[in-house]
Amino acid sequence: MLDKNGIAKRIAKEVKDGYYVNLGIGIPTLVANFVRDDIEVEFQSENGVLGMGPFPFEGEEDADIINAGKQTITTLPGASFFDSATSFAMIRGQHVHLTILGAMEVAENGDIANWKIPEKMVKGMGGAMDLVASAENIIVAMMHTNKRGESKLLKKCSLPLTGVGCVKKVVTNLAVLEITPKGFKLLERAPGVTIDEIKNATEGTLLIEGDIPEMQLD
Amino acid sequence: MINKKIHSVQEAVAGVTDNMTLMLGGFGLCGIPENAIAELVQLGVKNLTCISNNAGVDDFGLGLLLQGRQIKKMISSYVGENDEFERQMLSGELEVELTPQGTLAEKCRAAQAGFPAFYTPAGYGTEVAEGKESREFNGKMYILEKAYEADFAFVKAWKGDEAGNLIFKGTARNFNPCMCGAAKITVAEVEELVPAGELNPNEIHIPGIFVQRIFQGNHYEKRIEQRTVRTR
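Those protein sequence lines, which keep their order, are chains Y and A.
Residue 124 in the working numbering is what sits at position 124 of the first sequence, and the numbering runs on without skipping anything.
Residue 1145 in the working numbering is what sits at position 145 of the second sequence, and the numbering runs on without skipping anything.
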């Protein structure tokens, strides 16, 4: 079974040379730490920066340079700043190649819910609805089950939707799954995880074809 | 040169009255019009509708207007950092319209550019689309979103000149350029106001035609919401 860093490490393998990538808050942010250093990738933050770098050294924080999580950041050579409409033109216009974000629920048809728990959490969708409606390639990073042990990979989402039929791939602490017209297709198992464990933790339709390899993390 | 310079923050908010709709730039606490917000608190105007990506924190940014119950309705994409906001929203004192971030930016830009509405895929199939027209283009579904109509836009830039030309810095740019010229009156506050001719015309982000009033803010706190650093 993977921890959050393990999930990020596996997703980092999906990031290819020449990609512009938008990372959501939480596990997706960790992905930047594991991208191979022999490829060229630029990270976009929807508040208006392309070419995001690591956190600043203490004393070098600049209140005018933050990411979408409102954290102080730095920029790398080749970076650029732009306004919010331009930022979402990059996203809506499909110039950003890959979006990685977290989710509360994913349905077998690719629906995603990650912004609202009625009566409990109503903070807003931020840029998530724009991102999922437009990105060509969307990977969800999340735990396979919630804190009560209930599956987050469902036949149908129970929470208010963020987007419909948009998720392409899900990487969890247990498995890598692809969204297909017939349901969640199991591609890989996390190290030490059995197919039965994945079956038990998946409420939506799970397609298992042939031998399912264990993830290669390095 | 058409001079847009005003001499005080009081002049900046002159004409703002109860029940008006205001646009306010900024992302979190980054690039917010600090001086105009402080003066709106002093002015004590009530029942405002505020269009701003976020709602500040309890004791800074738009949180200051919320504390005085000056806001009737908030139009934002994310409001997660403010306890007073949550309390007023849950008790029904405050009306909230949550809007996808890119849609919010574009509703400002549409107003600036004279478009009454536009189609976007964001929110299709979700509760954001309820009551809105939808339409298919090239096999994909879109919803119709309308441009905002606002009385004042308060924006913050890094440098500006007397002609109202603006230059922004870093990610403090965010929604500010989109809101310039998107309301009946745009008021820009800057950290440094220079005479016309001192800024390089090639480096202007927003031309002065979109700005009616410009002033240099007295003081910028520039509070950081999430100070994150790495060790050397």
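Possibly wrong hints are sitting among the right ones.
[As the list claims (entries may be wrong)] Taking lysine-lysine and the DSSO-like style, the derived pairs with C-alpha atoms no more than 30 Å apart in a straight line are:
id, chain 1, residue 1, chain 2, residue 2
1, Y, 199, Y, 156
2, Y, 120, Y, 13
3, Y, 123, A, 1140
4, Y, 120, A, 1073
5, A, 1132, Y, 155
6, Y, 155, A, 1140
7, A, 1146, Y, 123
8, A, 1169, Y, 123
9, Y, 116, A, 1073
10, Y, 123, A, 1005
11, A, 1159, Y, 156
12, Y, 120, A, 1046
13, Y, 199, Y, 4
14, Y, 116, A, 1159
15, A, 1159, Y, 185
16, A, 1073, A, 1046
17, Y, 116, A, 1184
18, A, 1073, Y, 123
19, A, 1140, A, 1005
20, Y, 16, A, 1046
21, A, 1073, Y, 168
22, A, 1169, Y, 120
23, A, 1146, Y, 182
24, A, 1140, Y, 156
25, A, 1159, A, 1169
26, Y, 123, A, 1046
Quick caveat, the hints were computed from the structure, so don't treat them as lab data.
Okay, the hints, checked on the actual structure:
1. 199/Y <-> 156/Y: holds, 17 Å
2. 120/Y <-> 13/Y: violated, 35 Å
3. 123/Y <-> 1140/A: With a Cα-Cα distance of about 28 Å, the restraint between residue 123/Y and residue 1140/A holds, given a limit of 30 Å.
4. 120/Y <-> 1073/A: holds, 20 Å
5. 1132/A <-> 155/Y: holds, 27 Å
6. 155/Y <-> 1140/A: holds, 23 Å
7. 1146/A <-> 123/Y: Measuring from Cα to Cα gives roughly 23 Å; hence the hint holds.
8. 1169/A <-> 123/Y: holds, 28 Å
9. 116/Y <-> 1073/A: Holds: residue 116/Y and residue 1073/A sit about 19 Å apart, inside 30 Å.
10. 123/Y <-> 1005/A: violated, 38 Å
11. 1159/A <-> 156/Y: Roughly 51 Å between the alpha carbons, so the hint for residue 1159/A and residue 156/Y is violated.
12. 120/Y <-> 1046/A: holds, 29 Å
13. 199/Y <-> 4/Y: Measuring from Cα to Cα gives roughly 21 Å; hence the hint holds.
14. 116/Y <-> 1159/A: Not OK: residue 116/Y and residue 1159/A at ~39 Å, beyond 30 Å, violated.
15. 1159/A <-> 185/Y: violated, 54 Å
16. 1073/A <-> 1046/A: holds, 11 Å
17. 116/Y <-> 1184/A: violated, 34 Å
18. 1073/A <-> 123/Y: The given pair, whose Cα atoms are some 15 Å apart, holds under the 30 Å limit.
19. 1140/A <-> 1005/A: Violated - the C-alpha atoms of residue 1005/A and residue 1140/A are around 47 Å apart, more than 30 Å.
20. 16/Y <-> 1046/A: The hint is violated at about 52 Å.
21. 1073/A <-> 168/Y: This hinted pair is violated, its Cα atoms lying about 37 Å apart.
22. 1169/A <-> 120/Y: Measuring from Cα to Cα gives roughly 37 Å; hence the hint is violated.
23. 1146/A <-> 182/Y: violated, 37 Å
24. 1140/A <-> 156/Y: holds, 21 Å
25. 1159/A <-> 1169/A: holds, 8 Å
26. 123/Y <-> 1046/A: holds, 24 Å
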